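Residue-level listing of the chains:
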Amino acid sequence: AQKITQTQPGMFVQEKEAVTLDCTYDTSDPSYGLFWYKQPSSGEMIFLIYQGSYDQQNATEGRYSLNFQKARKSANLVISASQLGDSAMYFCAMSPYTGRRALTFGSGTRLQVQP
Amino acid sequence: NAGVTQTPKFRVLKTGQSMTLLCAQDMNHEYMYWYRQDPGMGLRLIHYSVGEGTTAKGEVPDGYNVSRLKKQNFLLGLESAAPSQTSVYFCASSYPQGTQYFGPGTRLTVL
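From first to last, the protein sequence lines stand for chains B and F.
Throughout the first sequence, residue numbering follows the numbering used here, covering 355 to 469 in sequence.
Throughout the second sequence, residue numbering follows the numbering used here, covering 999 to 1109 in sequence.
For the record, the hints were derived by calculation from the structure and aren't laboratory data.
To give an idea of the interface, some chain F residues facing chain B are shown, with a C-beta separation under 8 angstroms as derived from the structure: (1) Y1029; (2) Y1031; (3) G1038; (4) M1039; (5) G1040; (6) L1041; (7) V1048; (8) V1086; (9) F1088; (10) P1094; (11) G1103.
Derived CB-CB ranges, DEER-like: (12) Q468/B - L1020/F: 39 to 45 angstroms; (13) Q410/B - Q1015/F: 50 to 56 angstroms; (14) R454/B - M1017/F: 21 to 27 angstroms; (15) P1037/F - K370/B: 27 to 33 angstroms; (16) L1109/F - N421/B: 41 to 47 angstroms; (17) S428/B - G1038/F: 18 to 24 angstroms; (18) R454/B - S1016/F: 23 to 29 angstroms; (19) P1037/F - K357/B: 19 to 25 angstroms; (20) P1037/F - P384/B: 31 to 37 angstroms; (21) Q468/B - M1017/F: 37 to 43 angstroms; (22) R464/B - L1109/F: 27 to 33 angstroms; (23) P384/B - L1109/F: 43 to 49 angstroms; (24) P1081/F - T361/B: 27 to 33 angstroms; (25) E415/B - Q1095/F: 14 to 20 angstroms.
Given the structure is predicted, the values throughout are model-derived calculations rather than measurements.
We put the beta carbon where it would ideally sit given N, CA and C, even for glycine.
Assemble the whole structure, with the sequences as input and the hints as a guide.
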């Protein structure tokens, strides 16, 4: 079984500053993927970034980077140069590389970017 | 390229009524999933399919049935709706080791 923990229910950040959203996970699977999704107020789930458990380097996608520390079982999302449009719910999720490969989600962090 | 689509977008049911939610994807993905999202929570897996003609239960399958008669479609049925099934339902699809892409969601209210 997998478990995702997001300990920050809400975060505030000033526009143009960087922010880190925390995510820790627990799994007995030897190989897995870690994902971050953004859910704006409109409700859709938008894929942001992916990190494989065997990847040596941290994933980056534009202003998003994933700070992956396997020994600590953490997969924090870093958003650089925050924009007003970044205000949303952010979900960390993981899936094993075997079996049904369904996602297990955390409870989310609501990020508010202030001008 | 439509990606993953869901119909309907909104629905209100009375307790005991039935309905079917349709998910369609045009990315030729083998895997498809149905999740539900309740207020203040992440998504939870209801049912999933790893290929045409195959379905399996997820974490919260009670009260739901699914079918995957065509590779591109995944149907979620509620035979006798209950207020506890008031939720937002998301469909997703992926390649076996790929990223899951989500539909826009269906907001269901059961009175």
